[in-house]
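Given next are the chains, with one letter for each unit.
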Amino acid sequence: MAAAELQNRAKDAVIAGLVALALTVPIIGFRTSSAPGGLAIDLRLLDAALVALAVAAGHFLVNTYRASREGRGQRQESHAAASLRLKRITHGIGAAALAFAVLLPVMPFADRYLLDIGILVLTYVMLGWGLNIVVGLAGLLDLGYVAFYAVGAYSYALIAAHFDWSFWACLPLAGLFAAFFGVILGFPVLRLRGDYLAIVTLGFGEIIRIILLNWYEFTGGPDGLSRIPRPDFFGLEFSRSSRDGETFHQFFGLDYSSIHRIIFLYYLILILALVTNLFTLRIRKLPVGRAWEALREDEIASRSLGVNPTNTKLTAFAIGAMFGGFAGAFFATRQGFISPESFTFIESAVILAIVVLGGMGSQVGIVIAALALIGGTELFRELAEFRMLAFGAAMVAIMVWKPRGLLSNREPTVKLPPKPGDGP
Amino acid sequence: MTQPLLSVEHLTMRFGGLVAVDDVSFTAENRQITSIIGPNGAGKTTVFNCLTGFYKPTVGRLLLTSDAGEQFLERMEDFRIAQKAGVARTFQNIRLFPAMSVLENLLVAQHNELMRASVWSLAGLLGLKRYRTAEAAAVERGRYWLEHIGLIDRADAPAGDLPYGDQRRLEIARAMCSNPCLLCLDEPAAGLNPRETLLLNTLLRFIRDEHGVGVLLIEHDMSMVMEISDHIVVLDYGQKIAEGDPAAVRADPAVIRAYLGEDEEAEA
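The listed protein sequences derive, respectively, from chains X and V. If you're matching positions, the first sequence starts at 780 in the working numbering and goes up one per residue. If you're matching positions, the second sequence starts at 138 in the working numbering and goes up one per residue.
Looking at chain V on its own, in the form it has when it is part of the complex:
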């Protein structure tokens, strides 16, 4: 059996006396959408923050296996995880660069490639061909993603001026511009109307199938989760209570208990 793209082993995160994530293990595969669901405060975003280096896990191993080799994410700084391991993320509350244009947002995502091409900015300052070619390629990649999220006409507008749904999609496109092997989406459908959610589903399927990227998804919109997930992990009070394909998770009594509460007779 080949190594999974991401394997989370015995992840535990304590904040003082509070155990936000308690001994959680799961895997995420390439070319699959793996969803993490659970009631509010179940520790989903904490798992994301551990994966992307914003928190250092108290216990556990986060192994990412990609073309670049095996990387232990728990040992890396946040920006190195994005740079070296190829893990990109979006945020629950959108974090674009609002004063910068839509296209500039996509170019910042390609920072490290462009930095290499600009040779400590020297080639860039002198306007050498090497840098100009790299920049043109970066702009073309930006154009590709703008066409796919339908924002090509707004390319030069400030990102902060876009409507909410467009900002969500732009944030995903920006994450994809950093050429990741694992894309972590934190509630991408929050605040979207049904039509926009449908557009988002199409975009996520496109990313999974055409770009061969593993997608890790936190989402509360169950109809969306059940529709597009290949694999679902359910958390409650920091612990993993179920795992499996959508049909299995939907039928799992532990999941129903966590979401709907205990049956009164069973309690008695």
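Okay, chain X solo, but in the shape it has when bound:
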């Protein structure tokens, strides 16, 4: 039987190869080249045949792989076992990713370029985790999340410029301002759901950007704000020399190197992102977190149980916005320059794509999605014109194979403990 199957597969492969040959001969086989007095045709039949052969071999391999999978598929896996396995995998990936993230700056291959990508990816991980509170937990589709990112960035830049406060004093304020804007956005849209909510939040994001663009006296308009102060390490500056006091490298007796500041920024965003993560994991298990999920599942049932929908949704908006604001302040201090161009709709779309592709509500899924979307596009920078194509193809592929996101396993926030009387 195995021999017959093999023969079938070989036959299929030969047919696929012949079809490919029919296509490759005209497409690859003939090539026009300029010759004296007009065009001449170069024959490249060998190339065409090689491509057709590759197609046949590929066809054979894919079929073999499928057959072997079918064989294994017969071993049925119970739902509970599958979910347990997925949980183990998720935890494993999470732990490995955390270890890698912590150790990245001390790895021998870590250069400035890699760290910069790391900082960028972590910024989006943090934004994804922040938006996940609004979209994944509370189920409020927010297409204007970048507005809070912008509010945080401009809050820090303006406060630092006008009052000369340090990054650490401005960081909580940036979060507070963003949360305040979250409440402002939240109030009028509380009654809206789904598509309508998405449109209003989209509009809100654009309003913020256009205000930033046109309020020239306050925000600098399209010129943006520059010379935003860099963060310091407990009062130690990251510069070659400082007018007021010691600098980082002098204090620790190191040679000056510009990478110190990059490493510091890397750990700063890592800590900010981890704080966001821990906060989300924790608040999910509190009554307010459960009320968010209940409102997402069924608003009418939640109301009938006495959940105040106004307050509950506003807290989700405010807390999500607050983390967006923190990330914005970090963005401003890292770049040293911000302008409305950094806060366009495409940013909101990318953050939302990270949340949706990662699997709504899955913290580890968001990390993977951010790594793929942000890190991936950075790595393939040379293929500039194909980047968006790859981006789109990846999204389509995930939506076809994993319509609920990469990791869409939901863990209950509380499990029934064994009865107090039972056991030791």
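Among these hints, one or two may not hold up.
[As the list claims (entries may be wrong)] Pulled from the structure, derived: some chain V residues nowhere near chain X, Cβ distances all over 12 angstroms:
id : residue
1  : Ser203
2  : His248
3  : Tyr301
[As the list claims (entries may be wrong)] Across the chosen pairs, the derived CB separations fall in these ranges:
id : chain 1 : residue 1 : chain 2 : residue 2 : range
4  : X       : Thr843    : V       : Leu335    : 56 to 62 angstroms
5  : V       : Tyr281    : X       : Leu882    : 45 to 51 angstroms
6  : V       : Asp298    : X       : Leu882    : 38 to 44 angstroms
7  : X       : Gly1171   : V       : Tyr281    : 48 to 54 angstroms
Hints are computed from structural coordinates only; laboratory data are not their basis. Glycine included, C-beta positions come from ideal geometry on N, C-alpha and C.
Starting from the structure of chain X, add chain V where the hints point.
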């Protein structure tokens, strides 16, 4: 005479030109099962929606007298009725939180108590003892109800995965977890098989007798209504046509007319 638990006075609900409920008055007592019956479109669910704040009645007074004092339900927002007045309800088409676990469904019902214990989530975030004790108590209350509806083994499974009959009972248990004084059940026996209906009867009697809760019941299953009701209100075309104990309602000519139609000779 003491005040009844719920007194509905001259309740009228108009939707434009349509009068869904027309000048209906009745009362419901504590520790009693009061059924509202009537043909389809008689306005039963509209009465429920007025009681639980999903509609604002056009005319009428809905007075609830409980340990918490007198409350006028027609003036309150829906979630406040559940929170302050202690009126819990279930829905004709089940409304659980399907992706959340069975136990989580029961904890959402205790939202307000847990919110108070978590002090705007601060005590909860810090993991203070005050919150952990409150949560443990809430879980124990969940366990109590799960044992009574026979779902203790499915506590951590998603509520949406349960069979239909279990979902019905879970919805009732969830409503009871909010510690109500009046429980409104909208067709709890719809789609249940006879064995499940029997289980439901036992559960409702248990709730009435052991928890001292007034139960308001909309139901089409007449054998069930006649068996467990203490008091029956009959609606037809938005008006109350009869009221009384099961035996009296069964014999009432107006009720027979509404359900079986007019006698041909009498019409002529």
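Outcome of the hint check:
With 12 angstroms as the threshold on Cβ separation, the claim that V/Ser203 sits away from chain X holds: the shortest Cβ distance comes to roughly 15 angstroms. In this structure V/His248 is not separated from chain X by more than 12 angstroms, as the shortest Cβ-Cβ distance comes to only about 5 angstroms. No Cβ of chain X approaches the Cβ of V/Tyr301 within 12 angstroms, the least distance being about 17 angstroms, so the stated non-interface status holds. Under the hint 56 to 62 angstroms, the C-beta atoms of X/Thr843 and V/Leu335, about 57 angstroms apart, fit the expected range.
Taking 45 to 51 angstroms as the suggested C-beta distance range, the pair V/Tyr281 and X/Leu882 conforms, at roughly 49 angstroms. Distance hint for V/Asp298 and X/Leu882: a CB-CB separation of about 41 angstroms, consistent with the stated range 38 to 44 angstroms. A C-beta distance of roughly 53 angstroms is found between X/Gly1171 and V/Tyr281, which places it inside the suggested range of 48 to 54 angstroms.
The earlier numbered hint that this structure contradicts is number 2, and it is the only one.
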